[in-house]
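Peer 1: Listed below, chain by chain, are the residues.
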Amino acid sequence: MEILIPAILTVITAATPLLYAALGELVAEKSGVLNLGVEGMILLGAVCGFAAVYLTGSAAAGIFAGLAGGMALSVVFGVLVLGFQASQVATGLALTIFGIGLSALLGQELVGVAYQGLPKISLPLLSKIPALGPLLFRHDFLVYGSFAMAFAVYWFLARSRAGLVLRAVGDSHDAAHAMGYPVVRIRFAAVLFGGGMAGLAGAYLSLAYSPLWIENMSAGRGWIALALVVFATWRPWRVFIGAYLFGGITILQLHAQVLGVGVPAQVMSMLPYLATIAVLVLISRDRNKIKLNAPACIGKPFHPAA
Amino acid sequence: MLQLVKRPQPSKAMTYLSPLLALAITLCAGVVMFQAMGVSPGRALHAFFAAPLASKYGWAELGVKATPLVLIGVALSIGFRAGVWNIGAEGQLTFGAICGGGIALWLHRAETGWVLPLVLLCGALGGMAWAAIPAFLRTKFNTNEILTSLMLTYVAILVLSLLVHGPWRDPGGYNFPESRDFSESATLPIILAGTRLHLGWLLALAMVGATWALLARTLVGFQVKVIGQAPAAGRHAGFSLNRMVWFCFMFAGGAAGLAGIIEVSGPIGQLQPSISPGYGFTAIIVAFLGRLHPLGVLFAGLLLALSYLGGEAAQILLGLPLAVTGVFQGMLLFFLLACDVLIHYRIRPRRRMSSAAA
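Residue numbers (our numbering), protein chains in the order written: chain V, 1 to 306; chain L, 1001 to 1358.
Source of the hints: derived by calculation from the structure; they are not laboratory data. Check the hints yourself; a few may be wrong.
Derived CB-CB ranges, DEER-like [stated by the list, open to error]: (1) V:Leu-254 x L:Phe-1222: 49 to 59 angstroms; (2) L:Ala-1024 x V:Tyr-54: 34 to 44 angstroms; (3) V:Pro-182 x L:Ser-1011: 25 to 35 angstroms; (4) V:Ala-114 x L:Glu-1111: 48 to 58 angstroms; (5) L:Leu-1118 x V:Val-267: 21 to 31 angstroms.
Each computed SDA-like pair below joins lysine to any residue, with the alpha-carbon atoms no more than 20 angstroms apart [claimed, not checked]: (6) L:Lys-1056 x L:Pro-1267; (7) V:Lys-300 x L:Leu-1342; (8) V:Lys-291 x L:Phe-1141; (9) V:Lys-120 x V:Arg-138; (10) V:Lys-291 x V:Arg-235; (11) L:Lys-1140 x L:Met-1250; (12) V:Lys-289 x L:Asn-1142; (13) L:Lys-1006 x V:His-303; (14) V:Lys-289 x V:Ala-278; (15) V:Lys-300 x L:Arg-1007; (16) L:Lys-1012 x L:Trp-1212; (17) L:Lys-1006 x V:Phe-302; (18) V:Lys-289 x L:Thr-1139.
We treat Cβ as the ideally placed atom computed from N, Cα and C, and that holds for glycine.
Sequences are here, hints too, so could you generate the full structure?
Peer 2: Next comes the structure, spelled out in structure tokens:
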């Protein structure tokens, strides 16, 4: 158990950014918008978060800046896709290309700057429980936040009226429009939420996981988050499981290197990407399963007739 | 308030004006960006767009940089027309470089004329092999090709890293993660003395011609257009979507693999961990900017090649970071996508419901 605790703790750190990014994308997709720019939004969130901490020294400012950075980029996506009727796939790709470039530009001065990481918050009493205490109750704010966010998204989509409207917009925008719901505004809000969550994922990477800023540091996590949403067949609790599964795979790779398993580092680094492909194949094989669960209007442009 | 009103027919004029408009807005945004960075916009734009083309060498470099962009952009535009989203051209480029480069290293003592064609062929086949994976998964298991082709890009780059750090490392290379230099017979000949412009540029031009002929003159080209514009009509005509997916992936994979082997057997001359500054991704912008038309892609490829050269020139002349290139490229695609709204819609002041219905 003593050896396992650090391993499980690192799984949590690897899973948290995936969880945030995938939850955000889940809500956006549920409203019928496919945003392929997650990778770019994560990077912008990461650089904004790190820059804010560098400038102000405040962890709260860093988290907020990360959120704002991701959201700012999602505004561009929302305007182009919902306002200008641009292709969602092409715009999402543009967002990623732009986000990689802009974050590298903004982060010029931040390369090599050190940061001790977000402060850990030990919950009183609970953190004293043997084994479970350090595992569950001695984390930074963003880890607790990711648990809360997973539950909140579940509750919102499954239990709230607003969530029902959002799902209706994603399943049939024409029907929702006819019933008088503001389709474009609801989608814009969902896109903004997705951007904010991707930004938090980035802030977690640069402020807690690494903690430092390097160009392109998300290393494909945005794309893995997109795959997680499919893997989860658009259900929040499965997104949670998927994020921890992939966090585990990422960490397996690090620990195998430490233990000196006779496999080259590059082969171990391929694992998360290969695992992503494998789960996508397993889930997508069943066409009906995808059809039943995917938002029916995903990726389709909406233009009211009159 | 403004309102979008659908045009009865897509505007032909706007199709061609939109890229120019997007370019103009990008330049304006560039001026603002340079101002914000505290650099004189005039000097920065000069460094970006004029300085690289001040010499014959500069023009030749334009061809060198445009070669992979045009090769891949032309091939991707076929897929984008048909609605097949191959985003992993960067990985196919890398795997092409690995396969062709492997042959070049294996035959490094051979001094005959058939080495180079064999190396190029293996490069193209390597790219096709890598593209076959997402095509197979899409057609057999209904797996999203965007995500799989992208994941495979990361895998291909890791495979290259593994090889140059290990078995393919140059024995006399002081432990640097690089292969030995390719032999003379596995290197692309220079076609303009005193520059780096190589045979690959002519291959890229040939590709433009071949793709134009394919689209305008063959049944496959016709199927691409029909499936892209009216999928239902394509189904009724009996065109197989699965075969179209396979065709698009093989075509783009081959082109990307060829671009990859051209890079390593031309300007680079060996295998190393990083062989492309994201040509496979930039080619996506090239395809859209070129209106998915082979000739347009040629011009768009030259323009984005200039953005790479301009980024390097601005770094040398003004000390600007190389990342500016990526920002420029991203902005250009954003503005293009925004301007493209004018192809299908008119922008009108919003009127009241009753008069709009009348």
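Peer 1: All the hints need checking, so say for each whether the structure fits it.
Peer 2: Outcome of the hint check:
no.: 1; hint: V:Leu-254 x L:Phe-1222: 49 to 59 angstroms; verdict: holds, 52 angstroms
no.: 2; hint: L:Ala-1024 x V:Tyr-54: 34 to 44 angstroms; verdict: holds, 36 angstroms
no.: 3; hint: V:Pro-182 x L:Ser-1011: 25 to 35 angstroms; verdict: holds, 29 angstroms
no.: 4; hint: V:Ala-114 x L:Glu-1111: 48 to 58 angstroms; verdict: holds, 54 angstroms
no.: 5; hint: L:Leu-1118 x V:Val-267: 21 to 31 angstroms; verdict: holds, 29 angstroms
no.: 6; hint: L:Lys-1056 x L:Pro-1267; verdict: holds, 17 angstroms
no.: 7; hint: V:Lys-300 x L:Leu-1342; verdict: holds, 19 angstroms
no.: 8; hint: V:Lys-291 x L:Phe-1141; verdict: holds, 14 angstroms
no.: 9; hint: V:Lys-120 x V:Arg-138; verdict: holds, 6 angstroms
no.: 10; hint: V:Lys-291 x V:Arg-235; verdict: holds, 14 angstroms
no.: 11; hint: L:Lys-1140 x L:Met-1250; verdict: holds, 16 angstroms
no.: 12; hint: V:Lys-289 x L:Asn-1142; verdict: holds, 11 angstroms
no.: 13; hint: L:Lys-1006 x V:His-303; verdict: holds, 9 angstroms
no.: 14; hint: V:Lys-289 x V:Ala-278; verdict: holds, 17 angstroms
no.: 15; hint: V:Lys-300 x L:Arg-1007; verdict: holds, 19 angstroms
no.: 16; hint: L:Lys-1012 x L:Trp-1212; verdict: holds, 19 angstroms
no.: 17; hint: L:Lys-1006 x V:Phe-302; verdict: holds, 12 angstroms
no.: 18; hint: V:Lys-289 x L:Thr-1139; verdict: holds, 17 angstroms
Going down the numbered hints, you'll see the structure goes against none, and every one checks out.
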